[in-house]
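Protein chains in written order, with the numbering used here: chain B, 157 to 438; chain U, 157 to 438; chain V, 157 to 438; chain F, 157 to 438.
Just so you know, not all the hints are guaranteed correct.
Same chains, same label: a pair holds when it works inside one copy or across any pair of copies.
Distance condition first, Cα-Cα at most 16 Å in a straight line; then the derived EDC-like pairs of lysine to aspartate or glutamate [claimed, not checked]: (1) 365 with 230; (2) 357 with 286; (3) 420 with 266; (4) 250 with 380; (5) 228 with 174; (6) 263 with 280; (7) 240 with 230; (8) 299 with 382; (9) 420 with 220.
No lab work stands behind these hints, which were simulated from the structure alone.
4 protein chains.
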Amino acid sequence: MYAVLTLNCLDKRGIVADVTTFINEVEGNILDSQQHREELGNQFFMFTKFDISSLNCTRKELSEKMSEIASKYDMTWSLTFSDKQKRMAIMVSKYDHCLYDLLLRHKYGELNTEIALIVSNHLDLENVAEHFGVPYFYIPRDKDNREEADKKAIELFQSHQVDFIAMARYMQILTPTLLDCYPDKVINVHHGFLPAFKGAKPYHQAYEKGVKLIGASSHYATAELDMGPLIEQETARVDHSYCVEDLIQLGRSIESRVLAEAVKAHIEDRIIVFNNRTIVFS
Amino acid sequence: MYAVLTLNCLDKRGIVADVTTFINEVEGNILDSQQHREELGNQFFMFTKFDISSLNCTRKELSEKMSEIASKYDMTWSLTFSDKQKRMAIMVSKYDHCLYDLLLRHKYGELNTEIALIVSNHLDLENVAEHFGVPYFYIPRDKDNREEADKKAIELFQSHQVDFIAMARYMQILTPTLLDCYPDKVINVHHGFLPAFKGAKPYHQAYEKGVKLIGASSHYATAELDMGPLIEQETARVDHSYCVEDLIQLGRSIESRVLAEAVKAHIEDRIIVFNNRTIVFS
Amino acid sequence: MYAVLTLNCLDKRGIVADVTTFINEVEGNILDSQQHREELGNQFFMFTKFDISSLNCTRKELSEKMSEIASKYDMTWSLTFSDKQKRMAIMVSKYDHCLYDLLLRHKYGELNTEIALIVSNHLDLENVAEHFGVPYFYIPRDKDNREEADKKAIELFQSHQVDFIAMARYMQILTPTLLDCYPDKVINVHHGFLPAFKGAKPYHQAYEKGVKLIGASSHYATAELDMGPLIEQETARVDHSYCVEDLIQLGRSIESRVLAEAVKAHIEDRIIVFNNRTIVFS
Amino acid sequence: MYAVLTLNCLDKRGIVADVTTFINEVEGNILDSQQHREELGNQFFMFTKFDISSLNCTRKELSEKMSEIASKYDMTWSLTFSDKQKRMAIMVSKYDHCLYDLLLRHKYGELNTEIALIVSNHLDLENVAEHFGVPYFYIPRDKDNREEADKKAIELFQSHQVDFIAMARYMQILTPTLLDCYPDKVINVHHGFLPAFKGAKPYHQAYEKGVKLIGASSHYATAELDMGPLIEQETARVDHSYCVEDLIQLGRSIESRVLAEAVKAHIEDRIIVFNNRTIVFS
């Protein structure tokens, strides 16, 4: 059993010492600790994972003590506990490769999360949900009912206590209504090497440009399409012999991987968003 | 001793048979042969390398016979001979990593070319040229004398029988005057993953965007900046801890590699440009 | 509709011309043609894919004509037709990642094969087979009944017209009885970078050695354990922070990929085995 | 100006807090701190880099205070200062690619070290040393004078205050006499993916085995050939078309990179050796 503390503030001498001393005083044992500094802006970021099996205080007291340190340095911070799993929603359309990948990784124990439900604008993948024993909800969605559909989705997420959402090649643009409910909590995968090839049909764009590598990018979805903070990217080598269909085929495995890496990092509280960029601790 | 034949035409049955039969008739021995088809446009591309040590005709006759086949299929084609090395010019400014890389690969026998001369808008790298025994020419260049400077360069290239030019991080934009003299013969390296991060300071752009991979791209220079046909691209993994200076440092080795690969492919006549994309035979 | 011709013989002038002329005469249209030469041993290898939709002879006549050329050069050769799919058997134990990967790639149309059946020494993965609609056969297997079990497997393979076998992390050593029935037709994946880390528990071996990359290798199974001709290999970066369990987790995706690549190459007749090495055309 | 503290001991609660509190008390400011735990053996490893520009005590006092903490936990530890550069010797034979790579990276400021001298058993690369302004010493070496030659080398290293040695494709096996003087301070690069392809002619071995990736490995040299603790490894993709000469050519760039990475990590005190494995902090 462990806790994860992440924090961000202006850099100042003594932060690491104060935090680690505090953890020592409550008889936590530091398992991993990482720092990052941005020279521009003089920002300090910290990730600390500590064993809490012999904690000498309650979790409430732990939070209160941490809160005092945070006040001293004007920190933005978060404290989570390993025995309280985050609950994930998955949104899909018809492509199933990212969905299978997430469900299998979850089955293998790679993703320490509860998969609360799958939401889709199609019925096609219901049998995949069934195979893995996850509830599946069908919310039809077209240009005219976006707001309504996203409100239904929000209701479902709330009634299922969803903490964050993975868009597993969900081929729809979410409304600000939904995104505003889950800031920095909706993870999307784009099948292009952002910021190149934004928007529709990135593999077609890549083919026409004649690139020698294709890529996929996961990021937190924001109101501006494909412009949210990048979490993970990967590329794969191609050549002139790849037609668009070949690019799509090769893309499946990199899309799956960049989405899974982002989901994993989110679950493990290893991501801090700052200035539309991410710090992803390792 | 071998010849390399590359060709491009509308696809039709019998091309490969006609070409290989012709080579057999002149007693050439095919060492390597590659084809490519673009379904869109029904285009056919072919690369053939054949041993000519027992050729039963002159090279002139070889060309004439090939010319007949080319007429039949309305081909664009080229025929080169391994004992007639291409002559390369290198253009540099102050960064020396791509220059060292090319000169060393040439020394190791990786680049079957003659390095005719080095042209620079600075004096800084003259000692590198000396160390490798290559003539070095200094042509100062600023906003006001571009045309004049490029004309001087053209004169130098012509008097040194230059066949093609490698811009080894030459930090100037060439004029159409020069580019028009050497169409698909000026190879540039851009320190960004094109089409993302065109133009100035691509590593700064990449940092601000928070990408998780940086890249470099080599391409044939055209009048439109960083938009010529891509020849080779490579990426390298970075994370939030990389400042711009770190990106620049990591970038050096990928810039060197993508330029060298493009130069090597050009030397070996493995590149065909079509519709602003390249076919690069392997 | 196309045919694939692969061949191997001592190198001699005229082979490519004879083969391509023959294909032209029967009004085949060459779609792809690749050659390879081994200087040591003066060996010649060729892969040719040609459209047979306007063939002016029967397939039997095609084979006979090819047979004449083969005699002339003393070739080993094979001729297959795209409308006659190979039939694959998959052998599995309890790990399901390679199995899911093959079944999904097949579903996506990446593997132009018929999945005839799945054979396992456990019952665990029967539900996966059901989910994808593939027959599943349970053949218990232990130290004492290896011969018997493999004979049962052979019977099943024969009654299902199996052409080749993919061992998708099948955790048993096949007997020569089975392997001799399917020479160069049983594809195995080993979870180590061969020839390092042969045999049992390669991830444990890798951990103890402190390697900075782990790997997976697919190869044709032979009587000598993990020593058959390599088909595909891949590595992934690790560091000191990876415990054995982490290596196993990371390994899953590279194991899946190297097996799938080997299966795909086998299906497409792109592999020639020579001197315990493979030529894998691209 | 900063200090780097690395330490290793049995894991116990409070180590991180004690160390960071101590650094805070002397008014150091932690810039980077990384930990690692080996479950097997319950070992704890730590790397801490801290700004010492406002230190409130002398360096001697700093060491003494640290020494007290070390006693409490029975630590193995080291403390270095950024303004005291390590001095590197480079040993070479006739291949120059690793030598150029190290000298250029040093010139670019990537390697925060002083290159004290180059020692070679040949005269061939003296002009490279001259070009970069580094002293070059020729020590002939053959089967019969190994001990004598290594003793001369040791004398040179001592008179030049050498701290560590990079074997930049030095094609000789060092004697225990030399290695014992510089334990975990002689970095070698092997042109194979260790533990595969130990010893002589690894590219020939790789070719014969038919591997689909070649590799290079840097490690601390020990008395047992190619068996010292691995520091960095890299692989590159090859196929059947690569002859041994092609493997050698491709290998040059990966050899250069794995050696440079190891040298850089050593210079920056990021490596701890434990049980013949390395912890390499990032």
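Hints, one by one, checked against the model:
{"no.": "1", "hint": "365 with 230", "result": "neither (47 Å within a copy, 26 Å between copies)"}
{"no.": "2", "hint": "357 with 286", "result": "neither (30 Å within a copy, 34 Å between copies)"}
{"no.": "3", "hint": "420 with 266", "result": "within (8 Å within a copy, 28 Å between copies)"}
{"no.": "4", "hint": "250 with 380", "result": "neither (24 Å within a copy, 40 Å between copies)"}
{"no.": "5", "hint": "228 with 174", "result": "within (10 Å within a copy, 21 Å between copies)"}
{"no.": "6", "hint": "263 with 280", "result": "between (22 Å within a copy, 14 Å between copies)"}
{"no.": "7", "hint": "240 with 230", "result": "neither (27 Å within a copy, 37 Å between copies)"}
{"no.": "8", "hint": "299 with 382", "result": "neither (19 Å within a copy, 37 Å between copies)"}
{"no.": "9", "hint": "420 with 220", "result": "neither (28 Å within a copy, 43 Å between copies)"}
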